[in-house]
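Residue numbers (the numbering used here), protein chains in the order written: chain A, 1 to 382; chain B, 1 to 247.
There may be inaccurate statements among the hints.
Have a look at the derived ranges for each label pair, beta carbon to beta carbon [what the hints assert, rightly or not]:
| id | chain 1 | residue 1 | chain 2 | residue 2 | range |
| --- | --- | --- | --- | --- | --- |
| 1 | B | Asn109 | A | Ala277 | 56 to 62 Å |
| 2 | B | Lys27 | A | Gly342 | 41 to 47 Å |
| 3 | B | Asp23 | A | Arg312 | 44 to 50 Å |
| 4 | B | Asp29 | A | Lys280 | 23 to 29 Å |
| 5 | B | Asp82 | A | Arg135 | 52 to 58 Å |
| 6 | A | Leu346 | B | Val201 | 51 to 57 Å |
| 7 | B | Val228 | A | Leu346 | 25 to 31 Å |
| 8 | B | Val228 | A | Lys280 | 23 to 29 Å |
Below, in silico cross-link-like pairs of lysine-lysine (DSS-like), each with a Cα-Cα straight-line distance of 25 Å or less [what the hints assert, rightly or not]:
| id | chain 1 | residue 1 | chain 2 | residue 2 |
| --- | --- | --- | --- | --- |
| 9 | A | Lys280 | B | Lys222 |
| 10 | A | Lys269 | B | Lys222 |
| 11 | A | Lys145 | A | Lys225 |
From the derived model, a few chain B residues whose C-beta atoms are all more than 12 Å from chain A [as the list claims (entries may be wrong)]:
| id | residue |
| --- | --- |
| 12 | Asn109 |
| 13 | Glu178 |
| 14 | Gln209 |
| 15 | Gln241 |
The hints are simulated quantities; they were obtained by calculation from the structure and are not laboratory data. Just so it is clear, CB atoms sit at the ideal spot from N, CA and C, and this is done for glycine as well.
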Amino acid sequence: MDIYCHEHHNMIRESVREFAEKEIKPRATELDRKEEFSIELTRRMGDLGLFGMIVPTKYGGQGFDILSYIIAVEELARVDGSHAATLAAHNSLGIGPILKFGTREQKEKYLPQLCTGDALWAFGLTETEAGSDSRGSKTTAKLEKSQWVINGSKIFITNGSSPITAGVTVQLISDVHKDGRKEISTILVERDTPGFSSMTMHGKMMWRASDTAQLFFDDCRVPRKNMLGKRGNGSKIMLSTLDSGRLSIAAMGLGCAQGAYELALNYSKERKQFGRAISKFQAIAFKLADMATKIELARNLLYKACWLKQKRKPFGKEAAMAKLYCSEIAKEVADEAVQIHGGYGLMQEYDVERFYRDQRLLQIGEGTSEIQRLVISRYILK
Amino acid sequence: MSIKILVCITHVPDTTSKISFTDSDTKFDKNGVQYIIGPYDDYALARAVEIKESGGASITVLNVGLAETEPTIRKALAIGADEAIRVNAEPVDSFFVATQIAEVAKEGNYDMILMGRESIDFNSGVVHGMVGEMLGLPSFSPVMKLELNGEEVSMTREIEGGKDHLKAKLPIVAGCQEPIAEWRIPNMRGIMTARTKPLNVKEPVSVEQHVKTEKFELPPPKGQCKLVDPEHPEELIKLLQNEAKVL
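Make the full structure from the sequences, and use the hints.
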């Protein structure tokens, strides 16, 4: 990967891998089983400097390029999807829109705290009746004197109710034009604002150690200056956020595939049947060859998309392709990894079982595989 | 009091590397090998950074090696060293390396010269002793605890059957091992700042080579391991009698 990676990228990979192996891996199974969000590990990720990696140093970030951040997500996902999700959602969906569209005052107020690991920020988009069709959103904000009064609810919001969640960016309808068109905007809501509440969602099959929430707004009043970006630009902000977010979901797919592949590779060398390691059988060796090939392709595609973004070239199509491909191969590789493990792959004490569950969100979250294909087809059929 | 610490690091194969040789088994095959800071050197560096953080110190990291070692040196800078020196030479043997370190140390006037108790490639474990001798400084190894109080250093050394508690006046040379400090993973800010910290390259002084490599050999492969059910210790007795023939 020397085409895209410099010395500091390799160093970041080594550091995050060492951290994930030493600090997250020993606790991942237990946290997953208990469905428990770890404040301690989140803060440790903050200590390592993983929050705000692409935020300029003047706002408390690290000032790295996008590929550095993507490698960090990939390396966490190689060990545990839940912690990669906490990091990716916070950086891409929490910090990302504030960094890109916030006023100087908003950036100075929120970003330094959000770069430490002591506080998380969420992005509230999905509603019970508005998933892929985000314009079906029913949450509203009305301007009364100098305050926005918000009413509505959101669902499936990562980092929305953790003990260290500091607030959320909400996409909502701020007005309806005379011709019936909705004016979509985004507004920042701090956690302690009266009328705002959140509830942790339990019973997930995947990312069980990450925080997923329902958000409720009941005459929730925030100052007028909490509007993020220009009024009426909510769809633009959301689409831009999702373009970047797709890269981090792709990194999660790539890391998940890499982790599952390595588990299968190691297991196949140890597991003996008919007097020899199962890796010696062509049926297994060919599976491993296919897995490695898919991972190599996925990495090339994702890093290319990062390179385009870094060079300020259009990257929307490639981001959608990377999200689609990396999440799809995560499914395929995790499935084959379980197959190679045989009956043991179905048991919770084997990590591959967790990888098999964790990959399933990746083809759904931040734009389903079907929506990615729609996005790609629109680019190529222009 | 701010002191000057020189930390000498080795650039060695990762402990999980597959070891093989080239050139009629006279050279280590570097192909595909991942390199790391010597683990014992890493502990020495971590202790130096702790001293820097608690009372103030400037840390220079030193490696004797060719340009290929620079990513390893940058990692040491990311962990917390302030500047680095690379002596541009293949580290052919312990005497050669010790001579290069001593030359750098003479110019730098350091209060402490720390390194691992041994490298993990050739494991000779003599460089710290040689450096101390060349500079006329006391050297201690393997040091598992090191506390600084003004100009006095208190150390705990691991010895056969016990521990040795020592005190010495600066300057000293020490070969370190765990648990002298908490292992450090470079954080993102460290990696960012390491990119611009000075890494100076010096040419080596001429040294007569004392060691010539005739041939490397791998140790014989480990034998098959047999597991005995703890419920049936008599099976172990049978194996020791009939197969191992040691009873």
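Tested hints:
With their beta carbons about 57 Å apart, asparagine 109/B and alanine 277/A fall inside the hinted range of 56 to 62 Å. At roughly 43 Å, the beta-carbon separation of lysine 27/B and glycine 342/A lies within the given 41 to 47 Å, and the hint holds. Checked against the hint of 44 to 50 Å, the C-beta distance between aspartate 23/B and arginine 312/A comes to roughly 48 Å, which is consistent with it. Between aspartate 29/B and lysine 280/A the C-beta distance comes to about 24 Å, which sits within the given range of 23 to 29 Å.
Between aspartate 82/B and arginine 135/A the CB atoms are about 55 Å apart, so this pair conforms to the stated range of 52 to 58 Å. For the pair leucine 346/A and valine 201/B, the beta carbons lie near 56 Å from each other, so the given range of 51 to 57 Å is met. Checked against the hint of 25 to 31 Å, the C-beta distance between valine 228/B and leucine 346/A comes to roughly 30 Å, which is consistent with it. Evaluation of the 23 to 29 Å hint for valine 228/B and lysine 280/A yields a pass: the beta carbon distance comes to about 27 Å.
A C-alpha spacing of about 21 Å is found between lysine 280/A and lysine 222/B, which places the hinted pair at or below 25 Å, so the restraint holds. At most 25 Å may separate the alpha-carbon atoms for a hinted pair to count; lysine 269/A and lysine 222/B meet this at roughly 17 Å. Restraint check: the Cα-Cα separation between lysine 145/A and lysine 225/A comes to about 12 Å, which is no more than 25 Å; the hinted pair holds. Even its closest Cβ contact with chain A, about 31 Å, leaves asparagine 109/B beyond 12 Å, as expected for a residue assigned away from the interface.
Every beta carbon of chain A lies more than 12 Å from that of glutamate 178/B, the smallest distance being close to 14 Å; the non-interface claim holds. Distance check on glutamine 209/B: its Cβ is at least 32 Å (rounded) from any Cβ of chain A, clearing the 12 Å threshold; non-interface status holds. Non-interface status of glutamine 241/B relative to chain A is upheld: no Cβ of that chain comes within 12 Å, the nearest being about 27 Å off.
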